[in-house]
Amino acid sequence: MTEHKGWTSTDRDRRSQTMTVVWSLIWAGGFLLANTAIKKEWITGDAGVVAATALVVFLGIGWVYAYVRYLSHADELVRKVQLEAMAVALSVGFLVGFASLLLESGGILEARPTSMVLAMIAGYIAATLVGHRRYS
Amino acid sequence: MRNRIRVLRAERNWTQAELAKRAAVSRQTVNAIETGRFDPSLPLAFTLSRLFGKPIEEIFDPE
Numbered sequence: 001m002t003e004h005k006g007w008t009s010t011d012r013d014r015r016s017q018t019m020t021v022v023w024s025l026i027w028a029g030g031f032l033l034a035n036t037a038i039k040k041e042w043i044t045g046d047a048g049v050v051a052a053t054a055l056v057v058f059l060g061i062g063w064v065y066a067y068v069r070y071l072s073h074a075d076e077l078v079r080k081v082q083l084e085a086m087a088v089a090l091s092v093g094f095l096v097g098f099a100s101l102l103l104e105s106g107g108i109l110e111a112r113p114t115s116m117v118l119a120m121i122a123g124y125i126a127a128t129l130v131g132h133r134r135y136s
Numbered sequence: 001m002r003n004r005i006r007v008l009r010a011e012r013n014w015t016q017a018e019l020a021k022r023a024a025v026s027r028q029t030v031n032a033i034e035t036g037r038f039d040p041s042l043p044l045a046f047t048l049s050r051l052f053g054k055p056i057e058e059i060f061d062p063e
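Protein chains in written order, with the numbering used here: chain A, 1 to 136; chain B, 1 to 63.
Just so you know, these hints were derived from the structure itself, not from any lab. Because the structure is a prediction, the values reported are computed rather than measured. Glycine residues also receive a C-beta, built at the ideal position from the N, C-alpha and C atoms. Incorrect hints may appear among the rest.
[Unchecked claim] Here are some, though not all, of the chain A residues that point toward chain B, as calculated from beta-carbon distances under 8 Å:
id, residue
1, Thr10
2, Phe31
3, Asn35
4, His73
5, Glu76
6, Val78
Same shape as in the complex, but just chain A (with noise of 0.2 Å):
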């Protein structure tokens, strides 16, 4: 019988893993290079600009489309992990974010969505770790 080599991969769903990590990456190049288009002026009027973003939530819908593939494949703990993992992510991001918007109001800083989305990605990943290292 063939020794599969993942810790926490099966066969089935390790190329959906690697799917998943490719579409990340061409959704953040497209993300950077649109921004930095945007930026720079590269492109230019509101109908540039739109249809860099359109881009970018198309690239963003195939990244989604491959994670939830990758859960559907995904051992059942796994997927416990996973989903702790984007429960503090919510969590996390909902807080920052208004406690950015309490912080606004008082005068002290200004909220950007960045903050916001920044702590869930930093709360997932943490919650990742985590998790894999609690069952581990």
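Keeping the supplied structure of chain A fixed, place chain B upon it in accordance with the hints.
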């Protein structure tokens, strides 16, 4: 939940990787079940029961 997965696996000279492959789960899942950190779902419990040829009650013991 306590279980006899490790003992039953050893009786058959299966590594964790081999059991994981037979049960279509990851090695981490097998390890987590053996160490009591994770309780398997009912379908997985039935799969393990079939693989070991033992009733679920002889494999798992609720504390």
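The hints, checked one at a time:
| no. | hint | result |
| --- | --- | --- |
| 1 | Thr10 | 5 Å, holds |
| 2 | Phe31 | 31 Å, violated |
| 3 | Asn35 | 37 Å, violated |
| 4 | His73 | 10 Å, violated |
| 5 | Glu76 | 5 Å, holds |
| 6 | Val78 | 7 Å, holds |
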